[in-house]
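**Q** Read off the chains here:
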Amino acid sequence: MRPFTYSRANDPASATKELAGNPNAKFLAGGTNLIDLMKEDVERPSAIVDISGLRLTEIKPIAAGFAKGGLSIGGLGKNTDAANHPLIRQNYPLLTQAILAGASGQIRNMATNGGNLLQRTRCPYFYEVAMPCNKREPGSGCGALEGVNRLHAIFGASEKCVAVYPSDMAIALAALDAIVKVKNASGQERSISFTDFHRLPGDTPERDTNLAHGELITSIDLPPNKFADKSYYLKVRDRASYAFALISVAAGLEMGSGNKIVQARIAMGGVAHKPWRALKAEQFLAGKEATAENFKRAADAEMADAKPLEHNKFKVELGNRSIVLALQMAMNGGKA
Amino acid sequence: MDVNETPDLSDDEKKLFEDLMPEDLDEILDTGVNRRHFLKLVTLAGGGILAAQSAVAEQLFTRPLSVPVAAELSSATIENGVNVSLNVNGAARKLLVDSRMTLLDTLRERLELTGSKKGCDHGQCGACTVIVDGQRVLSCLTLAASCEGKSVKTIEGLAKGTSGSTVRLHPMQEAFLKHDGFQCGFCTPGQICSAVALMDEAKRGDASYVTEDVRKKTAPVQLSTEEIRERMSGNLCRCGAYPNIVAAIQEVHSGKPVEQTFRFSA
Amino acid sequence: MQDKNKLTGTPISRIDGIAKVTGKAAYSTDYPVKNLAYAVLFKSTIAAGTIRIIDTTAAEKAPGVLAVITHTNAPKLNVNGGIRGGALLQSPEIEFYGQHIGLVVAETFEQARYATHLINVTYDKKEPKVDFEKLAKEATLPKDKERADAKRGDAKAALRDAEYKVEQVYETPIEHHHPLEPHATIAEWNGDRVTLYNSSQIVNGAQSAAANTLNIKPEQVRIITPYIGGGFGSKGGQWANLVLTAVAAKQVNRPVKLALTRQQMVNSVGLRQRNHQKVSLAATKDGKLTALAHEITTHGAIKNEFVEPCGDCSKVMYDVPNSLITYRAVPMNVILPTYTRGPGKSTGSFALESAMDELAYALKMDPIELRIKNEPERDPSNGKPWSSRKAVDCLQVGAKAFGWEKRKAEPRQNQQGNYLIGYGVAAGTYPAHQRPTSAIVKLKRTGNDVMATVELAAADLGTGTYTILTQTAADALGLPLRNVKVVIGDSDLPPAAGAVGSVGAASYANAVNDACQKITDELLTRSGKQFFARPTASQLMLSEKLTEFQTRIDAKPLESAEEYSAHSFNANFAEVSVNRFTGMVRVNRFLAVTGAGTILNPKTARSQIIGGNIWGIGMALTEESILDPRWGNFVTRSFADYHVPANLDIGDMEAIFIREDDQKSNTLGVKGIGEVGIVGVAAAVANAVFNATGKRVRELPITPDKLL
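From first to last, the protein sequence lines are chains E, V and D. Under UniProt numbering, the residue at position 175 of the first sequence is numbered 175, and the numbers go up by one with no gaps. Under UniProt numbering, the residue at position 162 of the second sequence is numbered 162, and the numbers go up by one with no gaps. Under UniProt numbering, the residue at position 420 of the third sequence is numbered 420, and the numbers go up by one with no gaps.
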């Protein structure tokens, strides 16, 4: 860990101002990923602005605007508190399950909602500073592309980077069409739709998100939905708990009369550089009967475009099966 | 197959029994002392008491549980110093720390509280778990600088009393002893801090990934064995004491004795 | 057999338990040594070649830095002094990725760690040998005579003519020990004598390795290790970090603390090597084995060889007239492999016991019946009689307790919702040995109270040594537990065997028992009286009004033990459920039935067996370390990438002990349980996965991708 100055921010305005003045400054919230990466010498901030004391922790109903009738979650609230808030458990159980599928009790007590979105990849070539990695050191090459890439992307990767994004919470947020609200040093606020928040690697894998330096996540807004009773977050991993996903699927089904699907929401984790909305599967399911066969055909439609690497070919089949199972579990009321 | 067979009690055990379970003396006078009582003592009342009677338990190889003054470092050795006031195990502490210093290293290297362990230093094992403002967190990923005004409880702060016969263990510590919830003991402080905080999470009605229906919120929540396993999965134990850890927690959580038997077969 | 009035055999809680649950047990880095400086190691980022330039200028100028030590300025050490794995900063040569190439000592840990980032190294690289798949064909006969080809009869011919046969290859990956306590040392010099607080499974071994390597006398080195945060073999032999801490402390003339990081653990303290095992079994149609060939290909380090004995179970488990066991090994640019829980037997039994299951399936025979049918009367490898063998009892008792009759012989016949359920069985064994161990017993009387202190340089790495020795001494001296103090983990005490290879309990408990008998004999002689019944030492102290008395013994194994083949045996039963969509496997229930002689404390013994079982479940389902074949670095370098089982991975665990009175192996009949607990476990799980799914996974671990 390199030397850095430490300051505690008293309010969002001074926090963003302090960051804006120093391109090598970083916000510290829960610290669960940043401190880890600083110890690895991957992150090397010269200044830390501790925003963990800011009161952006409220969870409250949204009275107006696009997400009217939905819920606003404070950017600096803790993951545990979000997962267990009565309104989230009742109206967004998919989010509760996704948060609780991630990390451990201790980490969820530390990690913040905004910070969760900013988790960096767990790619081992990113973590080991002696290895080439375009995300950590642009131009150094991608260690995983022709290396050990069992855990890597099958959608949306580039020659520059095949890393996957590790958050569980964000996969549910993608399925929930969340909106990320941010504020900068000039006090300007903007809303970023969830699909636009994270980026595909392209030629600039060093940029995980479209957040500008110094912008602070003030809240994550959830529009209302009609699939709270038919949703499920499935996580497939190498051990039963406390492991990152091989594949995860957030699924929600808004049902009409009979057994007909009005709208399906499906997002996948462990497959891309960002939460992967399975739009092809969603499109296929709209207006269809909720049958095992249709679930399978939806999964086939989505996975047809997968481009696996040498060691992760299994993710195509596993992704397919996981979509089917997640939809089945969602139909069962999301019971674990 | 005989389960926990019950031969007679030795004199040694008799003495211990009288010392430790005087409330059962009437029954003993009526029915005589036998191994069944002894095993009850060992397996139900916390066999750890037995260990406490032994000469080795307290004095040998263990560190005094004092509250030392924070080791003062010359200011030259502290870079980007941050003044922090926090409460540790009920005592107010004030110290100047290097901005890079974690809470874990502060406890261990400056406050002589070495109970919290460094198993990975990256938030991947749980051995450094402490309770900050009532919540279990990882002290290895917490900067000491960010602990201003916070209240930290470590394994050293769970038992009442300080040494010898005046120590009254926390019920979770008792349960870990009774159920042999450890072998090497290195992950144990983290496991116990985690388990203690988990009891409050259950009282609040918090859910987990294996909660059958997260939409149903009840408080307190009665934890199944599976729930305890999931909620304790952030604390790795390489010796493989998991079943014993789960039994210990279940016993404290449910308030009912949990049977764990070894068996012999002829 | 257990005496009903004895403390040994009772499930008392750990003597060291209170220290452990209160956080007061002091592990290596917990000692409050004053004026500490902190050392952090830095590593090679190539796997083969030499260091051309190592620039430490910036690091030396960094705040708080007291010294930077590399091969350019390190003192001359004896590289053949007994430290394993090299990396002693004696030359610019690089033998594996992550090799220590230097260390920084600074006032604080933060300063030392930072300065390691400022080291600049230029290498002359060589092509590393790290791709086992490619190197395996270059493997040759190991130098170790124990790994020479072992032939009995003509296995190849018998296989050729067999009615039924199985010929399969089983692969097990590199595994790491990963004790929760990373290897760590505090070194404190006092004149020419150094005290090393350092977790050591073999206390005297650590002492001599440190002394020899530092070119000083053993009596100049004191190892203190009362508590060990797990070891599993990795703290048996000692590694460079121990000696380098002493070097650093000498250099800065201050006590120094050096702890490996979790990431450094994968390249610093040995590993379980990759094994490629071909097992061939031939049998008659009624299940009598006619041939067993077990051909192992593995790797060592680039300069030194270590070949774990994967063929050991195949030598002794079954009665088979034609047998062939061979080893071939190839050097690789990795840290030297070493003993890892159940060395050889755990990985070897995965191959053998999977093959037995495959054979049973081919024969349409119950796998338990197949094993019983091939039970040997004597040790097939040397013709010696068994000191005692409870292999069949383990299988039969286990089958009944587990509900084996509910198993469907055909796979995929038991589905519950989205889960396929399967049952598996596998047997295992581990040899039982007692090793020379000395001990001192001191008695001290105050009024009517007699206190005993038992001293020996034994180790307790969570195995229960303190507890069983307190029980043993209390029984042998006629004292209550609370009047016995056991002092271990210090090289100044009488030399003792290591807590390795399941010899600890037998070696220590017999030595303590012998010492207690000896002190009683001496007190009797001294009293000059005749007694109707043998009095206890405690009674003699009182009757003779002695205030202090002590004796020492140098206990040796029974000479007659050599005439027998002594082993612990077990049978493992697993019930798994496999998610039919995702391939995720859970072990719902696991039962290990063990015949391991006298069980000194069933509570700690049960824990140790279950712990071994959980290691085996990790081997079966989650643990795998992967080298990048281009650069030789482990991509699985943290606990996030290398999956040891977590709490939720483990279902209901049960342990049953077979009563076994085996005084042919040693006086107390203690056979050891630390190792046998893992043997056969991975095979039981893999066999259950086959029974559930119909998929035979021969390449561990059984991760979801292998069951799609």
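If you are wondering where the hints come from, they were derived from the structure by calculation, not from laboratory data. Hints are not guaranteed to be accurate.
[Unchecked claim] In silico DSBU-like pairs for lysine-lysine, Cα to Cα no more than 30 Å straight-line:
1. E:K307 x D:K518
2. D:K518 x D:K444
3. D:K134 x D:K384
4. E:K335 x V:K153
5. D:K134 x E:K307
6. D:K364 x E:K26
7. E:K296 x D:K34
8. E:K335 x D:K706
9. D:K61 x D:K151
10. V:K217 x E:K335
11. E:K60 x V:K217
12. D:K664 x D:K285
13. D:K34 x V:K160
14. D:K384 x D:K664
15. E:K39 x V:K153
16. D:K6 x D:K34
17. V:K216 x E:K335
18. V:K160 x E:K39
19. V:K160 x E:K60
20. E:K160 x D:K126
21. E:K226 x E:K335
22. V:K216 x E:K60
23. D:K6 x D:K695
[Unchecked claim] Chain D residues, not near chain E, derived (Cβ > 10 Å throughout):
24. P331
25. M451
26. Q550
27. N579
28. R630
29. W631
30. Q663
31. P701
[Stated by the list, open to error] Example chain E residues on the side facing chain V (calculated, C-beta under 10 Å, incomplete):
32. E18
33. N22
34. L34
35. D36
36. E40
37. I48
38. S52
39. K78
40. R89
Even for Gly, the Cβ is constructed at its ideal location relative to N, Cα and C.
**Q** With 10 Å as the threshold, tell me whether Q550 of chain D passes as away from chain E on beta-carbon distances.
**A** The claim stands: Q550 of chain D keeps its Cβ more than 10 Å from every Cβ of chain E (closest is about 49 Å).
**Q** Hinted pair, alpha-carbon criterion (30 Å max): K34 of chain D, K160 of chain V. Please report holds or violated.
**A** Distance of about 28 Å is within 30 Å: holds.
**Q** For R630 of chain D, is the shortest beta carbon distance to chain E beyond 10 Å?
**A** violated, 7 Å
**Q** If you draw a straight line from the CA of K6 of chain D to the CA of K695 of chain D, is it 30 Å or shorter?
**A** violated, 50 Å
**Q** Quick check on the hint: E18 of chain E CB to chain V CB, less than 10 Å?
**A** violated, 15 Å
**Q** Can we trust that N579 of chain D is non-interface, i.e. its beta-carbon lies farther than 10 Å from all of chain E?
**A** violated, 8 Å
**Q** Would W631 of chain D pass as off the interface with chain E, using Cβ distances and a cut of 10 Å?
**A** Nearest chain E Cβ is 7 Å from W631 of chain D, so the label is violated.
**Q** Just want to verify: P701 of chain D was marked as not at the interface with chain E; is every Cβ pair farther apart than 10 Å?
**A** violated, 8 Å
**Q** Verify the interface restraint on D36 of chain E: the C-beta must sit less than 10 Å from at least one C-beta of chain V.
**A** holds, 5 Å
**Q** Can the restraint linking K160 of chain V and K39 of chain E be considered satisfied, given a maximum Cα separation of 30 Å?
**A** Outside the cut-off at roughly 36 Å; violated.
**Q** Within 30 Å, alpha carbon to alpha carbon, are K335 of chain E and K153 of chain V?
**A** violated, 36 Å
**Q** Measure nothing beyond the straight line between the CA atoms of K664 of chain D and K285 of chain D; if it is 30 Å or shorter, mark the hint as holding.
**A** Given pair K664 of chain D, K285 of chain D is violated - Cα atoms ~37 Å apart, limit 30 Å.
Of the numbered hints given earlier, the model fails hints 1, 3, 4, 6, 7, 9, 12, 16, 18, 19, 23, 27, 28, 29, 31, 32 and 33; all others are met.
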